[in-house]
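2 protein chains.
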Amino acid sequence: MASPSPAALAELKAALGPSGWTDDPSEIAPWVAEWRNKWKGDTPLMLKPDTTAEIARAVEICARHGVAIVPQGGGTGLVGGQVPFGEVLLTTRRLRAVRDVTPLDDAMTVEAGITLLEAQQLAAKADRFFPLSLAAEGTATIGGVISTNAGGTAVLRYGMMRDLVLGIEAVMPDGQLFNGLKRLRKDNTGYDLKQLLIGAEGTLGVVTAATLKLFPIMRSRATAVVGLASAYSAIQLLARAKAETGGGVEAFELMKRIGVEFALKHIPGVREPLDSVQPWYVLIELTSGEPGAAEAGMERILTAAFEEELITDAAIAQNETQVRDFWKLREEQSAAQRPEGGGWKHDVSVPVSRIADFLDEATAAVEAFEPGARVSAFGHVGDGNMHYDILCPPGGDLQAFLGRWEAGSKVVHDVVANYEGSISAEHGLGRLKTDEARRYKTPLEISTMQAIRKAIDPQRIMNPAVLF
Amino acid sequence: MASPSPAALAELKAALGPSGWTDDPSEIAPWVAEWRNKWKGDTPLMLKPDTTAEIARAVEICARHGVAIVPQGGGTGLVGGQVPFGEVLLTTRRLRAVRDVTPLDDAMTVEAGITLLEAQQLAAKADRFFPLSLAAEGTATIGGVISTNAGGTAVLRYGMMRDLVLGIEAVMPDGQLFNGLKRLRKDNTGYDLKQLLIGAEGTLGVVTAATLKLFPIMRSRATAVVGLASAYSAIQLLARAKAETGGGVEAFELMKRIGVEFALKHIPGVREPLDSVQPWYVLIELTSGEPGAAEAGMERILTAAFEEELITDAAIAQNETQVRDFWKLREEQSAAQRPEGGGWKHDVSVPVSRIADFLDEATAAVEAFEPGARVSAFGHVGDGNMHYDILCPPGGDLQAFLGRWEAGSKVVHDVVANYEGSISAEHGLGRLKTDEARRYKTPLEISTMQAIRKAIDPQRIMNPAVLF
Numbered sequence: 001m002a003s004p005s006p007a008a009l010a011e012l013k014a015a016l017g018p019s020g021w022t023d024d025p026s027e028i029a030p031w032v033a034e035w036r037n038k039w040k041g042d043t044p045l046m047l048k049p050d051t052t053a054e055i056a057r058a059v060e061i062c063a064r065h066g067v068a069i070v071p072q073g074g075g076t077g078l079v080g081g082q083v084p085f086g087e088v089l090l091t092t093r094r095l096r097a098v099r100d101v102t103p104l105d106d107a108m109t110v111e112a113g114i115t116l117l118e119a120q121q122l123a124a125k126a127d128r129f130f131p132l133s134l135a136a137e138g139t140a141t142i143g144g145v146i147s148t149n150a151g152g153t154a155v156l157r158y159g160m161m162r163d164l165v166l167g168i169e170a171v172m173p174d175g176q177l178f179n180g181l182k183r184l185r186k187d188n189t190g191y192d193l194k195q196l197l198i199g200a201e202g203t204l205g206v207v208t209a210a211t212l213k214l215f216p217i218m219r220s221r222a223t224a225v226v227g228l229a230s231a232y233s234a235i236q237l238l239a240r241a242k243a244e245t246g247g248g249v250e251a252f253e254l255m256k257r258i259g260v261e262f263a264l265k266h267i268p269g270v271r272e273p274l275d276s277v278q279p280w281y282v283l284i285e286l287t288s289g290e291p292g293a294a295e296a297g298m299e300r301i302l303t304a305a306f307e308e309e310l311i312t313d314a315a316i317a318q319n320e321t322q323v324r325d326f327w328k329l330r331e332e333q334s335a336a337q338r339p340e341g342g343g344w345k346h347d348v349s350v351p352v353s354r355i356a357d358f359l360d361e362a363t364a365a366v367e368a369f370e371p372g373a374r375v376s377a378f379g380h381v382g383d384g385n386m387h388y389d390i391l392c393p394p395g396g397d398l399q400a401f402l403g404r405w406e407a408g409s410k411v412v413h414d415v416v417a418n419y420e421g422s423i424s425a426e427h428g429l430g431r432l433k434t435d436e437a438r439r440y441k442t443p444l445e446i447s448t449m450q451a452i453r454k455a456i457d458p459q460r461i462m463n464p465a466v467l468f
Numbered sequence: 001m002a003s004p005s006p007a008a009l010a011e012l013k014a015a016l017g018p019s020g021w022t023d024d025p026s027e028i029a030p031w032v033a034e035w036r037n038k039w040k041g042d043t044p045l046m047l048k049p050d051t052t053a054e055i056a057r058a059v060e061i062c063a064r065h066g067v068a069i070v071p072q073g074g075g076t077g078l079v080g081g082q083v084p085f086g087e088v089l090l091t092t093r094r095l096r097a098v099r100d101v102t103p104l105d106d107a108m109t110v111e112a113g114i115t116l117l118e119a120q121q122l123a124a125k126a127d128r129f130f131p132l133s134l135a136a137e138g139t140a141t142i143g144g145v146i147s148t149n150a151g152g153t154a155v156l157r158y159g160m161m162r163d164l165v166l167g168i169e170a171v172m173p174d175g176q177l178f179n180g181l182k183r184l185r186k187d188n189t190g191y192d193l194k195q196l197l198i199g200a201e202g203t204l205g206v207v208t209a210a211t212l213k214l215f216p217i218m219r220s221r222a223t224a225v226v227g228l229a230s231a232y233s234a235i236q237l238l239a240r241a242k243a244e245t246g247g248g249v250e251a252f253e254l255m256k257r258i259g260v261e262f263a264l265k266h267i268p269g270v271r272e273p274l275d276s277v278q279p280w281y282v283l284i285e286l287t288s289g290e291p292g293a294a295e296a297g298m299e300r301i302l303t304a305a306f307e308e309e310l311i312t313d314a315a316i317a318q319n320e321t322q323v324r325d326f327w328k329l330r331e332e333q334s335a336a337q338r339p340e341g342g343g344w345k346h347d348v349s350v351p352v353s354r355i356a357d358f359l360d361e362a363t364a365a366v367e368a369f370e371p372g373a374r375v376s377a378f379g380h381v382g383d384g385n386m387h388y389d390i391l392c393p394p395g396g397d398l399q400a401f402l403g404r405w406e407a408g409s410k411v412v413h414d415v416v417a418n419y420e421g422s423i424s425a426e427h428g429l430g431r432l433k434t435d436e437a438r439r440y441k442t443p444l445e446i447s448t449m450q451a452i453r454k455a456i457d458p459q460r461i462m463n464p465a466v467l468f
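Listed in order, the protein sequences are those of chains B and Y.
For the record, in the first sequence the residue sitting at position 400 is 400 according to full-length UniProt numbering, with numbers rising by one throughout.
For the record, in the second sequence the residue sitting at position 349 is 349 according to full-length UniProt numbering, with numbers rising by one throughout.
None of these hints come from the bench; they were simulated from the model.
The structure presented is a predicted model; accordingly, all values stated were derived computationally and were not measured.
Hints are not guaranteed to be accurate.
Identical chains blur together in the list; that is why a pair holds if it fits in one copy or across any two.
[Said to hold, decoys possible] With a straight-line Cα cutoff of 27 Å, these simulated DSS-like cross-link-like pairs (lysine-lysine) come out:
| id | residue 1 | residue 2 |
| --- | --- | --- |
| 1 | 40 | 125 |
| 2 | 441 | 454 |
| 3 | 410 | 182 |
| 4 | 40 | 13 |
| 5 | 454 | 345 |
| 6 | 182 | 345 |
| 7 | 125 | 345 |
| 8 | 441 | 182 |
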């Protein structure tokens, strides 16, 4: 795509006024550099409107001039979908209004620039719960988590962001405003356009506001870490926990011993979660609307699991400090790898029933491809989602190892495909994985997506380098 | 659209073989007459394939010849979307295979012709629960309930059909097979094509199989009928019940006294649910994964509701017979109206918080438009969804009254629109409401849907008279 013309840039600047844009390289710099320094992009102009109407005006000007746009939220994405390379950068961070909170509807409408943490806090103030939760929640914005269909730690019970949105307001690629801010639970009047925009990674329009589903606050919560001989036992334990609680399992997070060791070694304040050393660990969190039920359920599940030899050790958190300790161990799994040298990272999913088989087969394939490489698999195994990371063999040549990332990923992704899995469970495709995904999506899927995109954005000005 | 050419019909017959089609008017008759005799259609040919491959072949032939198709499931739809008027009728009823049931994934894959009741039974056999439930479940098929995004009585807790589908297999309008039969909970690799096909009323392809979400079986259940002075109290009670149970309310169904009276008068075996006569009734059903918790929660909620004067009477079902009696009262609300003469029927939704205001305002508007008309509103008020039916004044001219249905509906729908509601909450648009919906959808929504449809079905051969 050609660079924006001076006339287009001038019209955009005039339309948004002096506070609505910048081309100052020092102000732009943090927003074109991906936060882990994996991508370093550039843009001739960063637009920073603070109303939906301004966004509509800006997009309309871009459409008229054929100028490409990269929409950006909090910039915490992990696949580079938010980084411009010559496109105009359009941030929605300054759309900060809370439009309404209506507890009787279990709903609230906020603009795209509200952070995920702020959304959780708004819900809590209304005596409600907004369940989406992920490491970057203090920075990630509602516009961003909708556009990427974000996941996180409570998907097992509450679903992905796709499941948590009642309505959407968006500026379409021609600048028209789509007002779909409904508070309805039921509406069968044609295609669900909102579902198309969710997870579209900014390729079908700019999400400017959303009506989010709220939930009741739970009355009891129990958190435990258990030790297990294998990932097979973890799957059995998950099925038992779901059955015993009627779906009251809110988190079920698997960790390998190697990841626990990295955390113990590199992260201050992390403690051994159990008295014994175990090959596998699961962090389980149960919640219930009934006071005391989560605690009672946890006791019941773990007692039975010991009797059936599904688990080999367990600790139930006795206070908030222990809950935080258990979660810290899980949340630091990724950071704890860093001092061990970089790794090939994967965000994959397979059917839950096949997680253990997948782990065995993928690890064998990786070891054959890269002898000595260390696999640190952890994640939301209750959803079939693993962060499957492969670290350089101790003492190996890190740069050479990182150079084999792409080839190594194909090894992992081919196993994922054999297990009818996904090569991007929750992070999206962005700039990182769009090409790789072409190997695994069918021609029909790709051509259908392309046809839909062309119908909605015939000039392909919205995040043109991302998706198909 | 022109009638199918003799060459096209001959090719279809040859492709499907003698058991795969019929043009015998007596065999076709029941499938072109809507079950309430609201529509009486016709078709030159009914295709009745029993495999996905045969459907793909048939659609490919239709596409090549420009022949229009109406796909049909169990034929229980309420808006005429399943009735052909000259199109080829393609039934998916004979796609009867259960492809797999994998309890560890809380998933099962069934073909389109499995009925909803059979799907529930398959889940139960695997010690799981499939929650979609509606009056026609013995006849409605999985293909049909997906294509219409069906709702029913458990939406409050489990969502619409849209929320219960993990994967879809469909034949696209050019005859290509879309294999999206995933068992994944997380997959962020492009647009969610499955969500586009759900609720598309057969306009974007033919759903041939689906992977459905299963849920744990609940350990306790409590059912009650309460009496209330107003619908305002019902909304408050709903909020309290959700908060007290952490979302354990599975059904919350509102009825007006007039509807209870019709049932008492016309339906054998229906009894007064309470000792006293009340202006409004709510059937509440709570479930929990914890044994005893639903019963305890119900006691707690109703005790507090009495104290706060939210409710004026209540009866908790003490045995299965009473549970069935309470549900019979609710389920017969529609049938009980029939002996009172026909009515203008509406399937509308508004935000839950505005249900009571909506009922007041709509009823005032209807009474102004049609003095003496009787409003029998009932339904899934927990989802904001009411079946808002208006019956002829006693002794009025029924035929003249029915002739004013369209004008009367506009009165109701205009109030719905003022309350940011939907004129079709769960039944879809079909032939009945597509034109009416043009009044309430924005030009942008309609043009976007048309663009998507044209991208996927450029010849508009799939259910051409339905949707935009």
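Cross-check of the supplied hints:
{"no.": "1", "hint": "40 with 125", "result": "neither (39 Å within a copy, 55 Å between copies)"}
{"no.": "2", "hint": "441 with 454", "result": "both (18 Å within a copy, 22 Å between copies)"}
{"no.": "3", "hint": "410 with 182", "result": "between (42 Å within a copy, 21 Å between copies)"}
{"no.": "4", "hint": "40 with 13", "result": "within (24 Å within a copy, 60 Å between copies)"}
{"no.": "5", "hint": "454 with 345", "result": "neither (32 Å within a copy, 39 Å between copies)"}
{"no.": "6", "hint": "182 with 345", "result": "between (38 Å within a copy, 23 Å between copies)"}
{"no.": "7", "hint": "125 with 345", "result": "neither (37 Å within a copy, 40 Å between copies)"}
{"no.": "8", "hint": "441 with 182", "result": "between (33 Å within a copy, 13 Å between copies)"}
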